[in-house]
Amino acid sequence: MSRTTVQLPSATRAFLTRPHTAVFTTLRPDGTPHVTPVRFTFDAATGLVRVATRAGARKARNVLAGGPAVRTALCQADGFRWVTLEGRAAVTDDPVRLAEAVRRYTDRYRAKPPAPLDLVVIEIAVDRVLSLNL
Numbered sequence: 001m002s003r004t005t006v007q008l009p010s011a012t013r014a015f016l017t018r019p020h021t022a023v024f025t026t027l028r029p030d031g032t033p034h035v036t037p038v039r040f041t042f043d044a045a046t047g048l049v050r051v052a053t054r055a056g057a058r059k060a061r062n063v064l065a066g067g068p069a070v071r072t073a074l075c076q077a078d079g080f081r082w083v084t085l086e087g088r089a090a091v092t093d094d095p096v097r098l099a100e101a102v103r104r105y106t107d108r109y110r111a112k113p114p115a116p117l118d119l120v121v122i123e124i125a126v127d128r129v130l131s132l133n134l
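Residue numbering for the sequence shown follows this note's numbering, beginning at 1 and increasing consecutively.
FYI, nobody ran anything at the bench for these hints, they're computed from the structure. Since we're looking at a predicted model, the values are computed, not measured. Think of the CB as a built atom: it goes at the ideal place given N, C-alpha and C, for glycine as much as any other residue. There may be inaccurate statements among the hints.
Unchecked claim - Computed Cβ-Cβ distance ranges for the label pairs, DEER-style:
| # | residue 1 | residue 2 | range |
| --- | --- | --- | --- |
| 1 | LEU117 | GLY31 | 27 to 35 Å |
| 2 | VAL23 | THR92 | 19 to 27 Å |
| 3 | ARG54 | VAL23 | 17 to 25 Å |
| 4 | ARG18 | PRO114 | 14 to 22 Å |
| 5 | ARG110 | ALA77 | 19 to 27 Å |
| 6 | LEU27 | ARG54 | 15 to 23 Å |
| 7 | LEU130 | ASP93 | 25 to 33 Å |
| 8 | ASP30 | LYS112 | 33 to 41 Å |
| 9 | PHE80 | ARG128 | 16 to 24 Å |
| 10 | LEU27 | ASP93 | 16 to 24 Å |
| 11 | VAL23 | ARG110 | 16 to 24 Å |
| 12 | SER10 | LEU117 | 38 to 46 Å |
| 13 | GLN7 | ARG28 | 28 to 36 Å |
Construct the complete structure from the given sequences, taking the supplied hints into account.
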């Protein structure tokens, strides 16, 4: 997955470090949206969002079914302030990438994520950012 550095205003970067949840949107194989709350991390230096989840979770299956060009959107909101991060997503179970996702999650949320046996990370290469009131 190619990565692009995403330039964000400092207020937006700060907003994305707060321990909020977000809604993550993927498309099911029939084209209908699947929207689910998630905890995530965003690495502004690489433009990469990470969502730790189970391999069997609908969101992971949707990303896998969509192939290498699948697009997703993740939106964090707090009242009338919000930011949406869009980009191509991929699922990996690479131990190094999983460890990095767990480390970042633990730093942001001050607790380790659940650790199911089929833990994977969805990585989203952000190429579009929309926001309001940040």
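Legend entry - Hint check, failures only: No numbers; nothing is violated.
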